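With the hints as constraints, model all of the structure from the sequences given.
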Amino acid sequence: MSAPAEVLAVRGLSKSFPGVRALDDVDLTLRPGEVHALIGENGAGKSTLIKLLTGVHRPDAGEITFQGRKVSFGTPLEAQKASISTIYQEVNLIPLLSVARNLFLGREPRNRLGLLDFARMHREAAETLRTYGVRVDVRQPLRTLGVGAQQMVALARAVATDARIVIMDEPTSSLEPREVETLFSVIRRLRDDGIAVVYVSHRLDELYAVCDTVTVLRDGRRVHHGPLAGLDRLALVSTMLGRELGEVRTEGVTKFAGDHRIADSQPVLDAEGLTVPHKLHGVSVRIRPGEVVGLGGLLGSGRTETAKAISGALPVRSGNVTVAGVPLRGGSTAAAIRAGISLLPEDRKSEGIVPGLSVRENIALAALPRLSRFGLVSEARLDRIVDTFVKRLRIKASSPHQKVGELSGGNQQKVLLARWLAMTPKVLLLDEPTRGIDVGAKAEVQKLVDELAADGLGVLLISSDLEELIEGSDRVVVLKDGAVVGELTGDDVTEDELMRTIAGDVPAPDVAKGVTTDG
Amino acid sequence: MAEATLHTAPLDKARLLQWLQTYGVYAGVALLLVVNTVITPHFLSAENFRTQAVQVAPVIIVALGMALVIGTEGVDLSVGAVMALAASVTALYLGYGLLPALLVVALFAAGAGLANGALVALVGVQPIVATLALMVGGRGLALVLLPQLKDLHNPGLASLGSGDIAGIPYLILIAAALALLIAFVVRRTTFGRRLLAIGDSRPAAQLAGLPVRRVLIVVYVLSALLAAVAGVLATARLQASDPTSLGNLMELSAITAVVVGGTPLSGGRVNIGGTVAGAVLIQLLTATLIKHDLPPSWTQIAQAIVIVCAVYAARGRGKR
Numbered sequence: 000m001s002a003p004a005e006v007l008a009v010r011g012l013s014k015s016f017p018g019v020r021a022l023d024d025v026d027l028t029l030r031p032g033e034v035h036a037l038i039g040e041n042g043a044g045k046s047t048l049i050k051l052l053t054g055v056h057r058p059d060a061g062e063i064t065f066q067g068r069k070v071s072f073g074t075p076l077e078a079q080k081a082s083i084s085t086i087y088q089e090v091n092l093i094p095l096l097s098v099a100r101n102l103f104l105g106r107e108p109r110n111r112l113g114l115l116d117f118a119r120m121h122r123e124a125a126e127t128l129r130t131y132g133v134r135v136d137v138r139q140p141l142r143t144l145g146v147g148a149q150q151m152v153a154l155a156r157a158v159a160t161d162a163r164i165v166i167m168d169e170p171t172s173s174l175e176p177r178e179v180e181t182l183f184s185v186i187r188r189l190r191d192d193g194i195a196v197v198y199v200s201h202r203l204d205e206l207y208a209v210c211d212t213v214t215v216l217r218d219g220r221r222v223h224h225g226p227l228a229g230l231d232r233l234a235l236v237s238t239m240l241g242r243e244l245g246e247v248r249t250e251g252v253t254k255f256a257g258d259h260r261i262a263d264s265q266p267v268l269d270a271e272g273l274t275v276p277h278k279l280h281g282v283s284v285r286i287r288p289g290e291v292v293g294l295g296g297l298l299g300s301g302r303t304e305t306a307k308a309i310s311g312a313l314p315v316r317s318g319n320v321t322v323a324g325v326p327l328r329g330g331s332t333a334a335a336i337r338a339g340i341s342l343l344p345e346d347r348k349s350e351g352i353v354p355g356l357s358v359r360e361n362i363a364l365a366a367l368p369r370l371s372r373f374g375l376v377s378e379a380r381l382d383r384i385v386d387t388f389v390k391r392l393r394i395k396a397s398s399p400h401q402k403v404g405e406l407s408g409g410n411q412q413k414v415l416l417a418r419w420l421a422m423t424p425k426v427l428l429l430d431e432p433t434r435g436i437d438v439g440a441k442a443e444v445q446k447l448v449d450e451l452a453a454d455g456l457g458v459l460l461i462s463s464d465l466e467e468l469i470e471g472s473d474r475v476v477v478l479k480d481g482a483v484v485g486e487l488t489g490d491d492v493t494e495d496e497l498m499r500t501i502a503g504d505v506p507a508p509d510v511a512k513g514v515t516t517d518g
Numbered sequence: 000m001a002e003a004t005l006h007t008a009p010l011d012k013a014r015l016l017q018w019l020q021t022y023g024v025y026a027g028v029a030l031l032l033v034v035n036t037v038i039t040p041h042f043l044s045a046e047n048f049r050t051q052a053v054q055v056a057p058v059i060i061v062a063l064g065m066a067l068v069i070g071t072e073g074v075d076l077s078v079g080a081v082m083a084l085a086a087s088v089t090a091l092y093l094g095y096g097l098l099p100a101l102l103v104v105a106l107f108a109a110g111a112g113l114a115n116g117a118l119v120a121l122v123g124v125q126p127i128v129a130t131l132a133l134m135v136g137g138r139g140l141a142l143v144l145l146p147q148l149k150d151l152h153n154p155g156l157a158s159l160g161s162g163d164i165a166g167i168p169y170l171i172l173i174a175a176a177l178a179l180l181i182a183f184v185v186r187r188t189t190f191g192r193r194l195l196a197i198g199d200s201r202p203a204a205q206l207a208g209l210p211v212r213r214v215l216i217v218v219y220v221l222s223a224l225l226a227a228v229a230g231v232l233a234t235a236r237l238q239a240s241d242p243t244s245l246g247n248l249m250e251l252s253a254i255t256a257v258v259v260g261g262t263p264l265s266g267g268r269v270n271i272g273g274t275v276a277g278a279v280l281i282q283l284l285t286a287t288l289i290k291h292d293l294p295p296s297w298t299q300i301a302q303a304i305v306i307v308c309a310v311y312a313a314r315g316r317g318k319r
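Residue numbers (numbering that gives the first Met the number 0), protein chains in the order written: chain X, 0 to 518; chain B, 0 to 319.
Each hint should be verified, as a subset may be incorrect.
[As the list claims (entries may be wrong)] Here are the simulated SDA-like cross-link-like pairs (lysine to any residue), alpha carbons at most 20 Å apart as the crow flies:
{"hint": "1", "chain 1": "X", "residue 1": "348", "chain 2": "B", "residue 2": "49"}
{"hint": "2", "chain 1": "X", "residue 1": "425", "chain 2": "X", "residue 2": "317"}
{"hint": "3", "chain 1": "X", "residue 1": "402", "chain 2": "B", "residue 2": "201"}
{"hint": "4", "chain 1": "X", "residue 1": "402", "chain 2": "B", "residue 2": "268"}
{"hint": "5", "chain 1": "X", "residue 1": "80", "chain 2": "X", "residue 2": "68"}
{"hint": "6", "chain 1": "B", "residue 1": "290", "chain 2": "B", "residue 2": "49"}
{"hint": "7", "chain 1": "B", "residue 1": "149", "chain 2": "B", "residue 2": "247"}
{"hint": "8", "chain 1": "X", "residue 1": "69", "chain 2": "X", "residue 2": "56"}
{"hint": "9", "chain 1": "X", "residue 1": "348", "chain 2": "X", "residue 2": "399"}
{"hint": "10", "chain 1": "X", "residue 1": "402", "chain 2": "B", "residue 2": "17"}
{"hint": "11", "chain 1": "X", "residue 1": "69", "chain 2": "X", "residue 2": "79"}
{"hint": "12", "chain 1": "X", "residue 1": "446", "chain 2": "X", "residue 2": "401"}
{"hint": "13", "chain 1": "X", "residue 1": "402", "chain 2": "B", "residue 2": "14"}
{"hint": "14", "chain 1": "X", "residue 1": "425", "chain 2": "X", "residue 2": "384"}
{"hint": "15", "chain 1": "X", "residue 1": "50", "chain 2": "X", "residue 2": "16"}
{"hint": "16", "chain 1": "X", "residue 1": "80", "chain 2": "X", "residue 2": "62"}
{"hint": "17", "chain 1": "X", "residue 1": "348", "chain 2": "B", "residue 2": "211"}
{"hint": "18", "chain 1": "X", "residue 1": "69", "chain 2": "X", "residue 2": "10"}
{"hint": "19", "chain 1": "X", "residue 1": "390", "chain 2": "X", "residue 2": "378"}
{"hint": "20", "chain 1": "X", "residue 1": "425", "chain 2": "X", "residue 2": "269"}
{"hint": "21", "chain 1": "X", "residue 1": "402", "chain 2": "B", "residue 2": "264"}
{"hint": "22", "chain 1": "X", "residue 1": "402", "chain 2": "B", "residue 2": "187"}
{"hint": "23", "chain 1": "X", "residue 1": "348", "chain 2": "X", "residue 2": "463"}
{"hint": "24", "chain 1": "X", "residue 1": "348", "chain 2": "B", "residue 2": "201"}
{"hint": "25", "chain 1": "X", "residue 1": "402", "chain 2": "B", "residue 2": "265"}
{"hint": "26", "chain 1": "B", "residue 1": "12", "chain 2": "B", "residue 2": "312"}
{"hint": "27", "chain 1": "X", "residue 1": "390", "chain 2": "X", "residue 2": "400"}
{"hint": "28", "chain 1": "X", "residue 1": "348", "chain 2": "B", "residue 2": "179"}
{"hint": "29", "chain 1": "B", "residue 1": "290", "chain 2": "B", "residue 2": "41"}
{"hint": "30", "chain 1": "X", "residue 1": "402", "chain 2": "B", "residue 2": "13"}
{"hint": "31", "chain 1": "X", "residue 1": "402", "chain 2": "B", "residue 2": "21"}
{"hint": "32", "chain 1": "X", "residue 1": "348", "chain 2": "B", "residue 2": "205"}
[Unchecked claim] Computed spacing ranges between beta-carbons, pair by pair:
{"hint": "33", "chain 1": "X", "residue 1": "161", "chain 2": "B", "residue 2": "123", "range": "36 to 46 Å"}
{"hint": "34", "chain 1": "B", "residue 1": "251", "chain 2": "X", "residue 2": "379", "range": "36 to 46 Å"}
{"hint": "35", "chain 1": "X", "residue 1": "73", "chain 2": "B", "residue 2": "183", "range": "32 to 42 Å"}
{"hint": "36", "chain 1": "X", "residue 1": "114", "chain 2": "B", "residue 2": "123", "range": "35 to 45 Å"}
{"hint": "37", "chain 1": "X", "residue 1": "454", "chain 2": "B", "residue 2": "183", "range": "34 to 44 Å"}
{"hint": "38", "chain 1": "X", "residue 1": "114", "chain 2": "B", "residue 2": "110", "range": "46 to 56 Å"}
Keep in mind the hints are simulated off the structure, nothing from the lab.
Note that the structure is predicted; figures quoted are calculated from it, not measured.
No residue lacks a Cβ here, since even glycine has one placed at the ideal position from N, Cα and C.
Structural data, given as structure tokens:
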């Protein structure tokens, strides 16, 4: 028998948003019973592709052929009616309705009077869910279920609506390992039933466990597609990150000077066994004064969460943070800041700057208590400190009274750096410090990081820019699925080593033990 | 720069809107003063000004607290109920003397503010819902404490309500002093800066280590205390405690004054001068229409138009 015909064929799909070409001439084919991995880093175009397939956005160019017919979905509902179901990261069900109602929403069984047939609905819901390993009272509101069980209900609902294609966007991000196993068995059953599955995940182990084929997107283009079996993990990671193995590069692309003189004293930051349910599993990081420690790993590996957990912004279930020998108590951002930890958050616009306030107010925000007496702000001292940092960081604003929201990304980032430097911190946690800022400002920020380390600060550097991470760091701690899987030191701080560690090619027995402890 | 001298139509419109948002309320007050001088007989008398000012003073005092709450992207619907509560408590404890009665009023108000603040800052209830609870419950409590109107005979209270210094009633002096105090708090204190930062971007304020909860609680306590001051002053002027109707719809008058005065509901900005002018504008508008024997329904329609204009002017700011 010949291979079954394609259930979905996408040709030359393109989509632009103001200022970005989100998807550029992308092809994708799905056969019935195929489990297709869709992977790529931040901004690669995965979400855009999914949104085009499900009718959230309309493509600028290209065509989608579904079951042999050319289609164009105007709304998500049309896509659903055409039997394309999507399960998003966040469960999109109705928390206050019962589990059974959610499962049958929009297609409830009715009795002869046209009323809801609750008895039948509850019976069938319980039967359906049992096959997904979910044993609950289906009359309870959905929100009483755990996140994993809710995800299963969403999955059961998606499959029950006669789906021909099921798209799963990071379905395991909130599942326990046991639930992941159940999910996999469901996926295998879908495959046997001839349903095509698009599986989006950053967890390589999962991809290899359940997927047949893979499409890799990068910067809006398809850079690789084909069967997954036999594909080398390292090759997959390097394709995703856009780095050739052993690629010869000229040094000095970034403004980092190189190695720092690291004091051989006690660590200025010692984070031990940080655990956050579903996110971090016993992550430990140690930074000595004058040291820049990089955090490596793919998207979703727990880099941002590690920084947030250290700075008290993410509550930890267990783990300790010690700053210069003094244990941190309270687990609040205020306590961490008092102890000398400063976090430059990844999302500069919504978590960093206060857009409506001036450059001056933004710089002084955290240091206000030091600049005031009896709650009254000393304008003279404030002006002095603002003046110092505007000059030192070369912040370009029409005046210190200009609103920060009106500045360029690079200058906003400098304002945030100034806010923290005004606190004379001991440890700086930099989460994507140069993302989305222009080349000039990028170089300045990188140079500044070097200078700060030279002054004896401990720096934790998170960056998706591999050059920046490798050249900026003295040491790189590699994370994967929320756990430390390796550490690069000395001459091993290279892109190749980093990718090998992420791919898991290098057995690291000493750290491997720590990985499996939590689950 | 070359661009600076270019005058294009959309730019002018944006500038006009911005100008209107900052100074529109003052222009409105000035316009009403001029119009009234021309068309209303005896408008320019000291007596008339005193009457208007005494009527608007409680609204101004309540609106000051409301401006702070709105600056944090919140709203306080319970101010009218707190005024009624203040009136009841004043009547109950006036027997012990004016000062002890005022202290008990302050305690009750602080309790109400703490309840609002705790619900918003600690429990995470939306401000409109949290303060709605006290808006209903507060007036209920006021009526339990004092079921009906009660005449009050206390010389101290009487002079607070109708006394004056050099012809200027205490009420006006107190409102002016409080306005200056709150403006100073907003501009010059750490508390003021933190309040604005929290209103503009709460996640950023949190990550910058600001005591977000404490600031929010203090803001609601201040709002309740200011409402209580307004309640006591209104009671003093009436020479009677009237928990049934005192402060009815006050929350809406206060919100109107704040919004008309150019403080955006989205938080991060507090305009105290504008808030005072906003209260005055509505007062003058109402007085003008009443003096010219227009039915009360016209007053409401006029108020609605002013609010819509204010919101329209504020809209331009939202898009940065």
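Structure-based check of each hint:
{"no.": "1", "hint": "348(X) / 49(B)", "result": "violated, 49 Å"}
{"no.": "2", "hint": "425(X) / 317(X)", "result": "violated, 23 Å"}
{"no.": "3", "hint": "402(X) / 201(B)", "result": "holds, 17 Å"}
{"no.": "4", "hint": "402(X) / 268(B)", "result": "holds, 12 Å"}
{"no.": "5", "hint": "80(X) / 68(X)", "result": "holds, 14 Å"}
{"no.": "6", "hint": "290(B) / 49(B)", "result": "holds, 16 Å"}
{"no.": "7", "hint": "149(B) / 247(B)", "result": "holds, 17 Å"}
{"no.": "8", "hint": "69(X) / 56(X)", "result": "holds, 17 Å"}
{"no.": "9", "hint": "348(X) / 399(X)", "result": "holds, 19 Å"}
{"no.": "10", "hint": "402(X) / 17(B)", "result": "holds, 15 Å"}
{"no.": "11", "hint": "69(X) / 79(X)", "result": "holds, 16 Å"}
{"no.": "12", "hint": "446(X) / 401(X)", "result": "violated, 26 Å"}
{"no.": "13", "hint": "402(X) / 14(B)", "result": "holds, 17 Å"}
{"no.": "14", "hint": "425(X) / 384(X)", "result": "holds, 19 Å"}
{"no.": "15", "hint": "50(X) / 16(X)", "result": "holds, 13 Å"}
{"no.": "16", "hint": "80(X) / 62(X)", "result": "holds, 19 Å"}
{"no.": "17", "hint": "348(X) / 211(B)", "result": "holds, 19 Å"}
{"no.": "18", "hint": "69(X) / 10(X)", "result": "holds, 11 Å"}
{"no.": "19", "hint": "390(X) / 378(X)", "result": "holds, 18 Å"}
{"no.": "20", "hint": "425(X) / 269(X)", "result": "holds, 12 Å"}
{"no.": "21", "hint": "402(X) / 264(B)", "result": "holds, 19 Å"}
{"no.": "22", "hint": "402(X) / 187(B)", "result": "holds, 18 Å"}
{"no.": "23", "hint": "348(X) / 463(X)", "result": "holds, 18 Å"}
{"no.": "24", "hint": "348(X) / 201(B)", "result": "holds, 12 Å"}
{"no.": "25", "hint": "402(X) / 265(B)", "result": "holds, 16 Å"}
{"no.": "26", "hint": "12(B) / 312(B)", "result": "holds, 10 Å"}
{"no.": "27", "hint": "390(X) / 400(X)", "result": "holds, 15 Å"}
{"no.": "28", "hint": "348(X) / 179(B)", "result": "violated, 34 Å"}
{"no.": "29", "hint": "290(B) / 41(B)", "result": "holds, 11 Å"}
{"no.": "30", "hint": "402(X) / 13(B)", "result": "holds, 17 Å"}
{"no.": "31", "hint": "402(X) / 21(B)", "result": "holds, 16 Å"}
{"no.": "32", "hint": "348(X) / 205(B)", "result": "holds, 14 Å"}
{"no.": "33", "hint": "161(X) / 123(B): 36 to 46 Å", "result": "holds, 41 Å"}
{"no.": "34", "hint": "251(B) / 379(X): 36 to 46 Å", "result": "holds, 42 Å"}
{"no.": "35", "hint": "73(X) / 183(B): 32 to 42 Å", "result": "violated, 57 Å"}
{"no.": "36", "hint": "114(X) / 123(B): 35 to 45 Å", "result": "holds, 38 Å"}
{"no.": "37", "hint": "454(X) / 183(B): 34 to 44 Å", "result": "holds, 39 Å"}
{"no.": "38", "hint": "114(X) / 110(B): 46 to 56 Å", "result": "holds, 50 Å"}
Against the hints set out earlier in the document, violations occur for numbers 1, 2, 12, 28, 35.
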